[in-house]
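One line per chain: the protein sequences are A and B, in this order. The first sequence begins at 1 in the working numbering and counts up one residue at a time. The second sequence begins at 1 in the working numbering and counts up one residue at a time.
Treat the hints as calculated values from the structure; they're not laboratory data. Each hint can be trusted.
In silico SDA-like cross-links for lysine to any residue, where the CA-CA straight-line distance does not exceed 25 Å: (1) B/K130 / B/N167; (2) B/K76 / A/T210; (3) B/K46 / A/A198; (4) B/K46 / B/S214; (5) B/K46 / A/R287; (6) B/K76 / A/A198.
Over 12 Å on every C-beta distance to chain B, these chain A residues come out as not near it, computed from the model: (7) E52; (8) R136; (9) H285.
In this text, all values refer to a predicted model and were calculated from it rather than measured experimentally. All C-beta atoms in this analysis are idealised placements derived from N, C-alpha and C, irrespective of residue type, glycine included.
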Amino acid sequence: MRLLTREALLSFRRAPLLSTLSVTTIAFSLFTIGLFGLVAINLREALRGLEERVEIVAFVLRGTPAETITLASQDIATFPEVQDVNFVTEQQALARARAELVEFKDAYRDLQVNPLPASIEVRMKQGQRDAATVDRVAERLRGFGFVDDVRYGREWVQRLDQLRNVTGLVGLVIGLAFAAVAVVIIGVTIRLTILQRAREISIMRLVGATNWFVRGPFLLEGAIKGFFGGLLSLLLCYAGYLLFHDNGGGPFGGLIFFGPQQMLMILVFGVLLGLGGSLVSVGRHLRHV
Amino acid sequence: MIRFSHVYKSYPNGALALKDVTFRVSKGEFVFLTGHSGAGKSTIMKLLFAEQRPTAGEVRVSGYIVNSLKADDVPKLRRRLGVVFQDFRLLEDRTAGENIAFALEVTGARSDTIAARVTRVLTQVGLSAKSRAHPRELSGGEQQRVAIARALVNDPAILVADEPTGNLDERATRGVFQLLRDINAGGTVVVMATHDLDLVRQTSYRTIELREGSVVYDSAVDEADTVGAQ
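Excised from the complex, chain A in its bound form (with noise of 0.2 Å):
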């Protein structure tokens, strides 16, 4: 393991240049994967506060016992794909309306009769906020008696299916491909390395070592370099995502950065990178010669 150890680092203190080139390759393979990975985390992020609006309305026929829509929204608690339900009673959905729409505020003071309804808002759990998953409650909540209509912006939800599904897709195409580029780039850049040493990789062969001896330290080393990479990447996106987090309130003032969980999987990545391209590199050599 010394040998192993001692044998990589040597490496880098031999061709200092192309360990760097190496380094600097993955570094920006992985941070063309980061920014994306970036705008995607973001982009959810958005697209679950859109989704945290998504609600079901069932309007309560007039002069249903208060008992009865009690004991209702209990049952309608309980369903697994349901977070909470709100019972807004007719003088409550009154009130929001003159609060909410100022331009009918007069209206609705000169009115003798609250022509709004009462009903049961329904918020769906996360994950549960799909257009078949609401079609389904939204049936399950006509079956009561007491309601009269059920909403839910159908489209709307449906839109934001399709949105999460495209983004979804978009996403793990661009990321693959990116992925694809920046394997291919790392092995042509540990190929080098390996050009580099083939005297020395013949030397070690003549006097017996196994492929796996030799195979052992461009390994290390490959992981080391991806492991460097991967930091260098992840301090590249910081950079990036100070560069628009900075403008505070403006359109990307919220955005958000990788938690410690996806920085590591960077990190990970970029260490199997480095392995992947200095297995595949190593092996096609160690064939032909």
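Since the structure of chain A is already known, use the hints to place chain B on it.
Relative to chain A, chain B alone:
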């Protein structure tokens, strides 16, 4: 120790490097392989340390059949051989001592035994004072001695030397050749490819001459025939 039985070797471009080569080398022998460039000397060397496989026939080296040697067994065979080349093949950024130690490290030898063995072989090749010198600080003859020391450090049964004096002046040649003779006197089989006929004539060692891939003269066989005929 070494047995070539009706060995043929052809390359992908169609060139036939060896044609029906048969010979046997026993324990303790010193054998010269001679012939012009392209006669097949280097091909025999490469077959000995399994860098190449025969196209037909059988090559046996130190108990291993090179034809069917698995990739995992190639390092095992090479650890039983010492190989020396015309161009020394030393690692330029390591000292003489480190170059030799490297051959032991790849075998997984313990670090405490490595130092002792490196010192021993450096003394054997007369370079105990140059352990810390880098190859560029050494003369050609000294570099070849380091290469020989590296080849010896695993106590090989066979030392394969491909034109080991090809890049050396006359004095260095004599020194390296004497070293190889001493190694052979210690019981190690030495197979040395050379086109330096002066060296060959200096001794009565067995000589196998190759021409266009075929053995045209083997002193062990031909002299026995001559004696038999008398």
